[in-house]
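Two chains, each in its own frame: build the complex with the hints.
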Amino acid sequence: MEETKPKLKLAVYWAAACGGCCVSVLDVHEKLFDIISAADLVFWPIALDTKYHDVEKMPDGYIDITLFNGAIRNTENEEMAKLLRKKSKILVAYGSCAHLGGIPGLANFTTKDEIFKRVYFESESVVNEKNLIPVPEYKAEEGTLFLPSFYNDVRALSQVTEPDYYLPGCPPQSERLLEVFKAIVSGAELPPKGSVIGAETKTQCDECIRKKTENKRIKKFYRPWEIKDDGITCFMEQGVLCMGPATRAGCGYRCIKGNAPCRGCYGPPPGVPDPGAKMMSAVASIIDEKDPEGINKILEDLADPAGTFYRFSLPVSLIRRKIL
Amino acid sequence: MEFKPRIVAFLCNWCSYTGADLAGTSRMEYKPNVRIIRVMCSGRVEPTFVLKAFANGADGVLICGCHPGDCHYQEGNYRCLRRYLLLQKYIRQIGIEPERLKLEWISASEGKQFAELVNSFTEKIKELGPSKIKDTIRTFA
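If you read the sequences in order, they're chains L and U. Each residue of the first sequence is one higher than the one before, starting from 22 at the first, in our numbering. Each residue of the second sequence is one higher than the one before, starting from 168 at the first, in our numbering.
Calculated directly from the structure, the hints in this document are not laboratory data. Using N, Cα and C, we set each Cβ at its ideal position, and we do this for glycine too. Since no wrong hints were added, every one of them can be taken at face value.
Stretch by stretch, here's where chain L covers chain U in the computed footprint (C-beta under 8 Å, at least three residues):
| # | segment |
| --- | --- |
| 1 | 219–231 |
| 2 | 236–249 |
In silico negatives: residues of chain L with every beta carbon more than 12 Å from chain U:
| # | residue |
| --- | --- |
| 3 | K30 |
| 4 | I57 |
| 5 | L62 |
| 6 | Y83 |
| 7 | E97 |
| 8 | S144 |
| 9 | V147 |
| 10 | L153 |
| 11 | P169 |
| 12 | I205 |
| 13 | D227 |
| 14 | K241 |
| 15 | Y274 |
| 16 | G279 |
In isolation and in its complexed conformation, chain U is listed as follows (with noise of 0.2 Å):
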């Protein structure tokens, strides 16, 4: 059977969710694999949210907020980025990809961007194959 990746995203309301939708209304075509959960700022994702992702069975973690400079509430974005760096770190160490884990500035204006990204991100985790987090943590040996 052919592996779907479940890929769980993080849009900021402003910018990114903005985006996305543009992709909608322009009809444009980008991959099925990403179920859309928007937030009023990228700053609003805690590293709780993405863990619980991987932990309920995501291939894959993609969070979209404001270039930088852009954020509607000045420094989210910003925040969002150390956050995702320090998460990088820890995912490397508890022997998670971390490509499974990105992050990237979408502008209202970026539908191309988004379905580009979505896209690219998807063939990613298709490369990385199935993520075996659930699986792991709910089996004890």
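Just chain L, same shape as in the assembly (with noise of 0.2 Å):
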């Protein structure tokens, strides 16, 4: 008989997120069967029944590994937060609103009211005739109901607890996750608390497939479907902005080989506080111009240059919301 090794014990939450991540783990294909045989799953509210209060009833640090996806947008999500880094050994930000506050953390650029106001009362799809807005709290004759708040800013899993490594992406590379499971499995030495684990440690750019050249010259910005990308040269080159030159490398270039530019999912390279102040660094490199109405002008072609640098990580960024 084969010798029985106690399984892992395995959950996967989602906080303010799209769904993506958790599909990601389905993404491993039959490889799911590897890691079932390896590990039990224990919460997973996108496949299983598990509800809140049976994790309540978990013993401190019960679960092995917790991926953890999606923002902090409301109370649940960081009680949910807090609760799974008791559960948990190792508690894993999964993906882009988890490490970065991502593609949620854009709502920073505004506000709770002005999101409400949107939503319940202008969206043109809407007819809210008695004009109700959702309420915390709603006493009813069975008893009071309560509803989980919204907060006002977006905020990363590292800003309301402490998580033991990241695992970038949006949604992470299953290749990624797959290798990063099977050291923990083997048993394998972990890296440090801290660490961005499942990527690399260089940009985009080195490690690009597309032709580059050392001095980059731009007349003029594009959005993509403007040009007729020849498939072979630097994005960046033919004025095409790509976050490559901010971004982490690990992705395995997926949008790059798929002729579009990098969006920067994977987060800022080590060593770099603010990914968006180093795209406008690298931006303004290679703008060809010295006067300052022509240089204004070209700089007219970036719409909105706030969303697009920090378009996954805005609330980690140094201005990390909007100042009011």
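Laid out in structure tokens, this is it:
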């Protein structure tokens, strides 16, 4: 008979997320059988009917690995982040939202009030004759009902609790998840706490397959649909914004191989506190113009610098929300 | 209490810092609100430096470099100009008054201009009032 090794206990949770990260776990396809032969999934809201109170009943440190995806947007997200921190030996910030704030983090360009106004009153598809908005507490005959409270700011996981590791990507590439999982199962020595795992330490450009020249000079920026990409030359040299210079490698260049510029989901490389600032530096360096008016004219092509440069990282950037 | 603006100034080693030095050695008086950081070239000033200054409580950020065409490294000040113009676009979007960030060219002989620049910039920041950036980003709501 085979020797039975105790199985790992694995949890996957989504906070403010689109669900793509949970699906990326399923994207390992038939390898999922390898995962479940080495680990029991004890909590995974997208696939299993485990309740929050079941997690509360688990002893502290009961779960071996939790893959936490999604940003922190409301009280429920924060409570679950803190609960899962307590119940898990290893808490992994999984995906761009947990790592950097991600796409939901773009909400930091506005406020809770503005969002509610748009969603419940102004949206073209909304009919709200009684001007109702959700309230976090409601006293019904049967008792008081609660809804999670919506925060003004979106936060990354590291801004509410201490994750052990960060696995970047929108979503993380399934191959990288498997590598990390195998390393944990094999009992190999794990990197120091706080490390970014499942990614490289260089930038995208360092390993990019497109042709680059040393001296990039551009006179105009284009949106991807405005030019005919030759499929060979560096996007930046063709005048298409590519987040490669300020983004960590490790995704396998899926976007670039698919002839789309990098959007920066893997976050900044090590030692870069603010990916957007790094990107501004790179963009300014390649503009071929010395006259202020001419430069401003070229910069006009960038419709939304803040949203483009901080697409995945606004909540962890230096100026992490709009100043009002 | 009177508002005393905190201004961070990045001055290039070859022209602007020497210009500021000239203002000092000529015993010109100017407002004491600037904290000068000497860099080798205005092209060394990364957007990160500016944003970090704001995030840590600077009410204004001043960048000074050699006049166009005079850069010790040929092109550094043009790089600085392009970064500055892009940064202006960004800080406007993120809700920082664009007047809080200023770029000026100061040559080694322009001690007087430097003193005047510091005075006028300090006045401008006084008008704008204290920056809210540090408090906003410190507290989550």
